[in-house]
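Engineer: Go ahead and model the full structure; you've got the sequences and the hints to work with.
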Amino acid sequence: MKTAPIPYIAEAGFSVTRHGKPSGPPESWIQLASNESSFAASPAAMEAVRRAIGEIHRYPEPSSSDLRNAIAARYDLPAEQIICGNGSEAVIETIYRCYARPGDEVVFSRYSFIQFRIFAERVGATAVLVDERDYTPDIDALLAAVTAKTKIVLLANPNNPTGTWLPRSEVRRLRDNLRPDIVLVLDAAYAEYAESEDFTAGHELVAGTENVIVTRTFSKAFGLAGLRVGWAHGPLSMIRVLGRMKQIGNVNRLAQTAAIAALGDLAFVNDVVRTTSASRRRCAEALEELGFPSLPSQGNFLCTRFPDAAAVHAFLLGQGIVVRPIEDYGLGDFLRITIGSDGEMDRLIAALKQYRDEKG
1 MKTAPIPYIA EAGFSVTRHG KPSGPPESWI QLASNESSFA ASPAAMEAVR
51 RAIGEIHRYP EPSSSDLRNA IAARYDLPAE QIICGNGSEA VIETIYRCYA
101 RPGDEVVFSR YSFIQFRIFA ERVGATAVLV DERDYTPDID ALLAAVTAKT
151 KIVLLANPNN PTGTWLPRSE VRRLRDNLRP DIVLVLDAAY AEYAESEDFT
201 AGHELVAGTE NVIVTRTFSK AFGLAGLRVG WAHGPLSMIR VLGRMKQIGN
251 VNRLAQTAAI AALGDLAFVN DVVRTTSASR RRCAEALEEL GFPSLPSQGN
301 FLCTRFPDAA AVHAFLLGQG IVVRPIEDYG LGDFLRITIG SDGEMDRLIA
351 ALKQYRDEKG
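Count the sequence shown with the UniProt record's numbering and you get residues 1 to 360, in order.
Everything labelled a hint here was simulated from the structure, so no lab data went into it. There could be a bad hint or two in this list.
To be verified - Result set (DMTMM-like, lysine to aspartate or glutamate): computed pairs, CA atoms no more than 20 Å apart in a straight line:
id, residue 1, residue 2
1, K151, D131
2, K149, D181
3, K21, E327
4, K353, E285
5, K149, D104
6, K353, D271
7, K151, E105
8, K359, E288
9, K353, D342
Note that this is a predicted model, so its numbers are computed, not measured.
Structural biologist: The following block contains the structure:
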């Protein structure tokens with residue numbers, strides 16, 4: 001006899017991204033694989049962390065109440081309908097743990113965030129991957145995939161890794177046509193970068209429902225990926241359920257402090273978004289001219305098609321440039337490229353021009 005985990009836990013996937021080791025000294029590497037902000041965090045956030053460092057022997061505020069109040073003030077939301085977590089991934093996984101059981105179904109688009117699939121495996125649920133239309137979530141197909149076993153439907157908007165998005169009307173149509181016993185998770189991790197006038201993160205769709213929840217993160221535009229801060233806005237009934245499942249003090253003291261300060265420095269965040277979006281457009285045009293088209297993106301990254309993505313990935317590693325292969329998403333012809341600084345993108349474009357010229 002020996003100890004044995006629950007069978008579906010033993011079989012669950014575990015996402016360990018292997019980008020490969022780039023050439024050259026580490027200080028020369030360009031990291032364009034993880035969709036982090038290419039900018040440092042807000043100076044206000046960094047100064048707040050420096051001031052708080054002397055208090056790290058104290059536990060954090062258990063429910064992140066000051067941070068929830070700051071988020072509520074920034075987005076005009078009720079603080080009691082907000083929950084914070086160790087990154088939005090942790091919040092999403094808690095939703096699975098609360099609302100999906102072994103044998104239940106969780107529905108999402110085929111090219112969605114890979115953790116959606118892994119979280120389903122961890123709770124013993126069945127992940128139902130729904131075909132997309134032009135690499136964009138298809139609301140009709142998502143609705144058609146719903147069965148009596150469906151407990152959660154997820155929509156990432158803008159979507160990772162494709163960068164594509166849906167307008168407000170389509171997101172609302174999804175909400176309006178789901179059964180009220182199905183949890184609808186709107187993952188808006190990249191919402192700050194969305195420029196389309198008809199885009200919505202989805203907060204207004206929470207009102208009047210008991211089943212819609214929006215997840216957000218400080219890891220992208222706010223530049224706090226290393227501290228892990230995420231949050232969700234949902235009906236009070238759902239937030240209370242999630243609160244019973246989260247760990248006490250699940251967001252560390254420095255993370256709470258930095259996030260509050262970052263929310264108070266929106267001029268910095270807005271500048272990050274403007275600069276990143278302009279660089280994304282410039283890079284997409286340059287790659288198109290080289291013969292490497294990208295999907296339309298509203299994120300801080302591009303999903304770019306190559307004749308031989310594996311060869312391009314290997315070549316870029318040789319140039320000290322790290323991008324993200326996405327064959328694990330079923331997109332083996334593409335690489336996901338985080339938008340870096342102008343200098344980093346110039347170096348990437350020059351390397352890809354060299355690759356094209358050498359390959360003829």
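Engineer: Work down the list of hints and note, for each, if the structure agrees.
Structural biologist: Tested hints:
1. Of the pairs offered as hints, the one joining K151 and D131 holds, with about 19 Å between alpha carbons and a cut-off of 20 Å not exceeded.
2. For a cut-off of 20 Å, the pair hint linking K149 to D181 stands: about 11 Å separates their Cα positions.
3. Simply put, K21 and E327 have alpha-carbon atoms about 18 Å apart, close enough for the 20 Å limit, and the pair holds.
4. Only pairs whose Cα atoms come within 20 Å are accepted, and K353 paired with E285 is accepted, the gap being roughly 13 Å.
5. For the hint pairing K149 with D104, the CA-to-CA distance comes to about 5 Å; that is within 20 Å, so the pair holds.
6. A C-alpha spacing of about 29 Å is found between K353 and D271, which places the hinted pair above 20 Å, so the restraint is violated.
7. Our distance criterion of 20 Å between C-alpha atoms is met by K151 and E105, whose separation comes to about 6 Å.
8. Distance check on the hinted pair: K359 and E288 sit about 17 Å apart at the alpha-carbon level, within 20 Å; holds.
9. At roughly 16 Å between alpha-carbon atoms, K353 and D342 fall within 20 Å of each other, so this suggested pair holds.
Violated hint for the displayed structure: number 6, the only one.
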